[in-house]
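In the order they appear, the protein sequences are chains A and B. 402 is the number that my numbering gives to position 187 of the first sequence; each next residue is one higher, with no gaps. 350 is the number that my numbering gives to position 19 of the second sequence; each next residue is one higher, with no gaps.
No lab work stands behind these hints: they were computed from the structure. This structure is a prediction, so every number in the text was calculated from the model and none was measured. Hints are supplied without guarantee of correctness; some may be wrong.
As the list claims (entries may be wrong) - FRET-style restraints, in silico, Cβ to Cβ:
| # | chain 1 | residue 1 | chain 2 | residue 2 | range |
| --- | --- | --- | --- | --- | --- |
| 1 | A | A239 | B | L350 | 43 to 51 angstroms |
| 2 | A | E265 | B | R340 | 41 to 49 angstroms |
| 3 | B | K396 | A | E237 | 46 to 54 angstroms |
| 4 | A | D503 | B | R348 | 55 to 63 angstroms |
| 5 | A | S245 | B | Q355 | 49 to 57 angstroms |
| 6 | B | L350 | A | G232 | 34 to 42 angstroms |
| 7 | B | G352 | A | A228 | 42 to 50 angstroms |
| 8 | A | D503 | B | A338 | 41 to 49 angstroms |
Every residue gets a Cβ at the ideal spot worked out from N, C-alpha and C, and that includes glycine.
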Amino acid sequence: MNENRPDPELIAALTAGDLPPEEAARAEASLDPEARAELAVQRSARQALEGLPSPRLSAAEQQRLRRRVRNELRLEAPASRSPERSRRTGFPRSGALPVLTAFASLVVVLAIALNTADRGEFESAPTTASDTDVFAPATTTAASAAATTTTARSQAQAAVVTSMVTQTEIVEAEADAMAAAEEAVEEVTMLVVTSMVDTVEIEITEDQASTTAAAGALESSDTTALPAGTESGLFDFSTAGPSEAVRLISEAVAEGSSTAFPVSELVDRAGSEGMACGETAASASAPDGVVYFMARGFVDGEDAEAYLLVEGRPIDLAAGIEPGDVLLFSLPDCRAMEFTVR
Amino acid sequence: MIRRNRALRRDETLIRRYLAGDLQAFDSLMEAHEQRVFAISLRILRNREEALDATQETFITVFRKAASFKGKAAFSTWLYRVAVNTCYDQIRKRSRHPSRPIPEGYDPPDRSVDSRMEAAELRPAIEEALADLHEPFAAVLILSDVEGLPLREVAEILQVPMGTVKSRLFRGRKLLAGQLGNLLTSGDSPKGEKQ
Numbered sequence: 216m217n218e219n220r221p222d223p224e225l226i227a228a229l230t231a232g233d234l235p236p237e238e239a240a241r242a243e244a245s246l247d248p249e250a251r252a253e254l255a256v257q258r259s260a261r262q263a264l265e266g267l268p269s270p271r272l273s274a275a276e277q278q279r280l281r282r283r284v285r286n287e288l289r290l291e292a293p294a295s296r297s298p299e300r301s302r303r304t305g306f307p308r309s310g311a312l313p314v315l316t317a318f319a320s321l322v323v324v325l326a327i328a329l330n331t332a333d334r335g336e337f338e339s340a341p342t343t344a345s346d347t348d349v350f351a352p353a354t355t356t357a358a359s360a361a362a363t364t365t366t367a368r369s370q371a372q373a374a375v376v377t378s379m380v381t382q383t384e385i386v387e388a389e390a391d392a393m394a395a396a397e398e399a400v401e402e403v404t405m406l407v408v409t410s411m412v413d414t415v416e417i418e419i420t421e422d423q424a425s426t427t428a429a430a431g432a433l434e435s436s437d438t439t440a441l442p443a444g445t446e447s448g449l450f451d452f453s454t455a456g457p458s459e460a461v462r463l464i465s466e467a468v469a470e471g472s473s474t475a476f477p478v479s480e481l482v483d484r485a486g487s488e489g490m491a492c493g494e495t496a497a498s499a500s501a502p503d504g505v506v507y508f509m510a511r512g513f514v515d516g517e518d519a520e521a522y523l524l525v526e527g528r529p530i531d532l533a534a535g536i537e538p539g540d541v542l543l544f545s546l547p548d549c550r551a552m553e554f555t556v557r
Numbered sequence: 332m333i334r335r336n337r338a339l340r341r342d343e344t345l346i347r348r349y350l351a352g353d354l355q356a357f358d359s360l361m362e363a364h365e366q367r368v369f370a371i372s373l374r375i376l377r378n379r380e381e382a383l384d385a386t387q388e389t390f391i392t393v394f395r396k397a398a399s400f401k402g403k404a405a406f407s408t409w410l411y412r413v414a415v416n417t418c419y420d421q422i423r424k425r426s427r428h429p430s431r432p433i434p435e436g437y438d439p440p441d442r443s444v445d446s447r448m449e450a451a452e453l454r455p456a457i458e459e460a461l462a463d464l465h466e467p468f469a470a471v472l473i474l475s476d477v478e479g480l481p482l483r484e485v486a487e488i489l490q491v492p493m494g495t496v497k498s499r500l501f502r503g504r505k506l507l508a509g510q511l512g513n514l515l516t517s518g519d520s521p522k523g524e525k526q
């Protein structure tokens, strides 16, 4: 390793503030201008990110979130009820209906008995005939009305219970239907996604026939069609299949079809070849970097540019290309794309 | 460290109590983690409604699988890993470019949040630059620099080696600074250092 190159571990430690103050001060004083510049970049970026306010859930969003999660997990609302107790509270289930009916019947019997007793007393006591006639039927009517009311109340309660049971079944059925609908929507979404991917692939094939041929040549050993470090080469790979990308680039380099040049020439060469991301690639490298490959193509179906850029050491294909050496940028804005070899 | 250990023990206790049927434990766990899960989701997805959905989905998944939580990693690590994966699933379902401008309504409806910011005028530019980074870079920066999680936990959440986290952090910051330009303290282009 080049002793003059800034130690990335040291820069990371200084950025994170992991070193004791005196040690950090000594280490920082020993940095050369290049390392200082790098440290400044790292610190600036970190401070900018640390200063971002954290988005927060509003109170309403919090409540909604917890309610939905609770509902989905079929948990009871907080406070007094436990899951077991809640099943026993509220309106009685249909199993209690016979008890209610029996109770209602008992009330009716008592009412009739009371009515009979009352009539007996009235009969024994001397009263005017009109009073007897008036009160006896009235008492009977009141008792009957009470019994009827109680019976009606019981029947109404039974109807409510039945209705609640039905409502629960309806809600459960609706929930099942919603879940099924969601699954269907998800399936349709995936079909749409797949269809869109297929469409993109078809469009690429139809509009870029020569591109396809060039990409196919890249996979073969036809070195004459290989990128040779120029924009004429095209590639097409997916970040989901990184080993394939590394293999293709490795082959291009091994077969000598790519011309290496120093990174100091990258911007001019990329510009002359009509490539947009030379400056971005160069900025990610130290001055002693060497460019072994650069080409336009497609990554995950997007227009992109790839650069194989190695710093401070000759490339050793036997050891394999290191993940960090391959730079991928999506167009048109040269957004960096991750590229990890597993 | 002491605060972190206390948080770990608290979460483990709450999980056990939740599994034993203590619904108050459910609320306590939600309260302890819902804000951060939402913040991570929103930063990755950059859409408030989608972030709310992802947050909901995360907690549903975690509570449903609570019985299978072995405690090898911290509960929070597992929770945030589910959150990140849920967000990535959401992005894949979108079937369009993941980087978008910050939509209106990015801020929460109530303004009771602390809006202290050293350079408030840079905030939109920083958010944009963060959004333009590729997901693996952005995820590391969000978890490490924005949310302040230790690198070891970031590695566990993302299930990548520590070296990969450091590398992505290093390069992600460099790319972010490059996009912002005015954050550089010198006029020179940033010069990199390979990990």
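A quick look at each hint next to the structure:
{"no.": "1", "hint": "A:A239 <-> B:L350: 43 to 51 angstroms", "verdict": "holds, 45 angstroms"}
{"no.": "2", "hint": "A:E265 <-> B:R340: 41 to 49 angstroms", "verdict": "violated, 27 angstroms"}
{"no.": "3", "hint": "B:K396 <-> A:E237: 46 to 54 angstroms", "verdict": "holds, 48 angstroms"}
{"no.": "4", "hint": "A:D503 <-> B:R348: 55 to 63 angstroms", "verdict": "holds, 59 angstroms"}
{"no.": "5", "hint": "A:S245 <-> B:Q355: 49 to 57 angstroms", "verdict": "holds, 55 angstroms"}
{"no.": "6", "hint": "B:L350 <-> A:G232: 34 to 42 angstroms", "verdict": "holds, 39 angstroms"}
{"no.": "7", "hint": "B:G352 <-> A:A228: 42 to 50 angstroms", "verdict": "holds, 47 angstroms"}
{"no.": "8", "hint": "A:D503 <-> B:A338: 41 to 49 angstroms", "verdict": "holds, 45 angstroms"}
Comparing the model with each numbered hint stated earlier shows that hint 2 is the single one that does not hold.
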